[in-house]
Amino acid sequence: MAQSSGKTTLTGWLFTGPALMLLTFFMVYPILSSLWMSLQVGKGMNFSFGGFANMWRLTQDAVFQKALLNTLTLLVVQVPIMIALAMLLAVALNDPSLKGRALFRTAIFLPCVTSLVAYSVLFKSMFAYDGVVNRFLEALHILDQPIPWLSDTFWAKVLIILAITWRWTGYNMIFFLAALQNIEPSIYEAARIDGIPRWAQFQKITLPALIPVVLFTTVTSTIGTLQLFDEVNNITLGGPANATMTLSLYIYQLSFKFMPSFGYAATVSYVIVVLVMILSFFQFVAARDRRRP
Amino acid sequence: MVYTLLSIAAFVSVFPFLWLIVGATNISSDILSGKTTPGHALFDNIVKLTQQVDLVQLFYNSTKIAVISTILTLIVASLAGYGFEIFKSKFSERVFAGLLAMLSVPFAALMIPLFVTMAQLHLINTHTAVILPTVASIFVIFYFRQASKSFPMELRDAARVDGLREWQIFLFVYMPVMRSTYAAATIITFMASWNNYLWPLIVLQTNEMKTITLAVASLLSAYVPDYGVVMVATTLATLPTLLIFFILQRQFVQGLLGSLK
Chain A
3 MAQSSGKTTL
13 TGWLFTGPAL
23 MLLTFFMVYP
33 ILSSLWMSLQ
43 VGKGMNFSFG
53 GFANMWRLTQ
63 DAVFQKALLN
73 TLTLLVVQVP
83 IMIALAMLLA
93 VALNDPSLKG
103 RALFRTAIFL
113 PCVTSLVAYS
123 VLFKSMFAYD
133 GVVNRFLEAL
143 HILDQPIPWL
153 SDTFWAKVLI
163 ILAITWRWTG
173 YNMIFFLAAL
183 QNIEPSIYEA
193 ARIDGIPRWA
203 QFQKITLPAL
213 IPVVLFTTVT
223 STIGTLQLFD
233 EVNNITLGGP
243 ANATMTLSLY
253 IYQLSFKFMP
263 SFGYAATVSY
273 VIVVLVMILS
283 FFQFVAARDR
293 RRP
Chain B
194 MVYTLLSIAA
204 FVSVFPFLWL
214 IVGATNISSD
224 ILSGKTTPGH
234 ALFDNIVKLT
244 QQVDLVQLFY
254 NSTKIAVIST
264 ILTLIVASLA
274 GYGFEIFKSK
284 FSERVFAGLL
294 AMLSVPFAAL
304 MIPLFVTMAQ
314 LHLINTHTAV
324 ILPTVASIFV
334 IFYFRQASKS
344 FPMELRDAAR
354 VDGLREWQIF
364 LFVYMPVMRS
374 TYAAATIITF
384 MASWNNYLWP
394 LIVLQTNEMK
404 TITLAVASLL
414 SAYVPDYGVV
424 MVATTLATLP
434 TLLIFFILQR
444 QFVQGLLGSL
454 K
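Going down the list, the protein sequences come from chains A and B.
When we follow my numbering, the leftmost residue of the first sequence carries the number 3, and every step to the right adds one.
When we follow my numbering, the leftmost residue of the second sequence carries the number 194, and every step to the right adds one.
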């Protein structure tokens, strides 16, 4: 079919048009508008141009700095633990001779059907001071006295880390399992015949096949953690003493609690944008390096 | 060793679900003191819940928002995914790369301007405001584009020879062929909408407009939450997604993996 390429292109834009229009309105415009707002100062709907006043305020704002530090701490501790756990479980589940494989897989994957609000309910109630988790740990003689999960600044962070790990490990595991299933079983067979030990097989065959998944899950988890909101808003409300305050929660509180301060909140939100951009850049570099022979 | 590891992982994963169901039958103080055996308070909890919230209204709101936004998202995103893959040009590839770059823009950076826009359009406290910004999901567009790579070009060419117009090819050839892709996208989109919290929390302000997810959160945020009641509400809010998961587990997993291909 000879068709003028101009006409083909136009047809293409008709297909993509509705999405592009909506995205311009609900994505591109807000991104730019947010940048503009970050240069405005004032309360409620009354703005005036403030230049870099909001950025100066960031350097003076102890809550912001705490939120930034908390978010980065959660990120650095939680993401590697979860990815390693997801990989470990996937490798364990990939053994075809394993009994009850489907059952284990379904069970471990189950947490990711719960809404973030629903599992916040579960964690808040299970980790109460006299709650089931403390009782259980005491019964096993791991603890002498209950841990104040919700009222101690350190343990509240641990609780949030446990919660996120519970919710997302199975989700990430699925990606590892898919990658493992793409490896030809004959490769392992050949390695076994050549007498290559299992640990070396894992290092030379399994691990290289999983690197792209590690990259993918790390990036998506990192972006997810940078946006952490539902759990902290429902389990700890950012407390105690802002120990679990995250950037997203702080933006929400600045904008929609008390007297809204949209300009400053937009500035804080751009901190997340910049962090995501930096991380995406690292991912880009890592992906490029991998492609090099 | 492997079995021990997997058994612990499976137990930790499943226990909170049992906790949820047992919790729905207990009174609040028993839940907070870690009681793991079923109690007799289920009926009382349900009655208290129905006194505090309008369950029918909440489920109606959640379902309405999830169904409408799923249908619109599927239409808009599949058209776009198809368009980007089938009618490739140098410029359209650049636009697509731009979309992918926006995929990682955090929602927190959008919500304030979106809220101001909705206020200017007088859409605060409407379901339209909840649905509209979610319709053009870059993730789902990307998903459909990846899936469109497996759409056989011979089918399209044959349809063109038969004199079908481009929109007819999309409607009568592409859509039926890609039905498993649509099924997977439906599950992912529906669940995302059903479980959505932050944006509805911002734009929905009165009880008559709220979703079941918002209602659970507000019961939990009471000064002294009644956990028995909260557990019943949470069970009800989780049931639909749990059912979808068990019935359509394969498509669900496929939907997740679609983004990695």
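Do not rely on the hints blindly, as some may be mistaken.
A few chain A residues that face chain B, going by a derived Cβ cut-off under 8 Å, partial list only [to be verified]:
no., residue
1, F106
2, K159
3, D232
4, F260
5, M261
6, Y272
7, V276
Calculated Cβ distances over 10 Å to all of chain B for the following chain A residues [to be verified]:
no., residue
8, L16
9, M39
10, L41
11, G52
12, I85
13, R137
14, L145
15, G197
16, F204
17, K206
18, L209
19, L212
20, A243
21, A289
22, R290
The set of hints was computed from the structure by calculation and includes no laboratory data.
Just so it is clear, the structure is predicted and the values come from calculations on it, not from any experiment.
Beta carbons are placed, not taken as given, at the ideal position from N, Cα and C, and that holds for glycine.
Taking the hints in turn, this is what the structure says about them:
no.	hint	in the structure
1	F106	5 Å, holds
2	K159	19 Å, violated
3	D232	5 Å, holds
4	F260	15 Å, violated
5	M261	14 Å, violated
6	Y272	7 Å, holds
7	V276	10 Å, violated
8	L16	8 Å, violated
9	M39	7 Å, violated
10	L41	13 Å, holds
11	G52	16 Å, holds
12	I85	15 Å, holds
13	R137	4 Å, violated
14	L145	13 Å, holds
15	G197	23 Å, holds
16	F204	14 Å, holds
17	K206	21 Å, holds
18	L209	18 Å, holds
19	L212	12 Å, holds
20	A243	19 Å, holds
21	A289	13 Å, holds
22	R290	15 Å, holds
Checked against the numbered hints given earlier, the structure breaks hints 2, 4, 5, 7, 8, 9 and 13 and satisfies all the rest.
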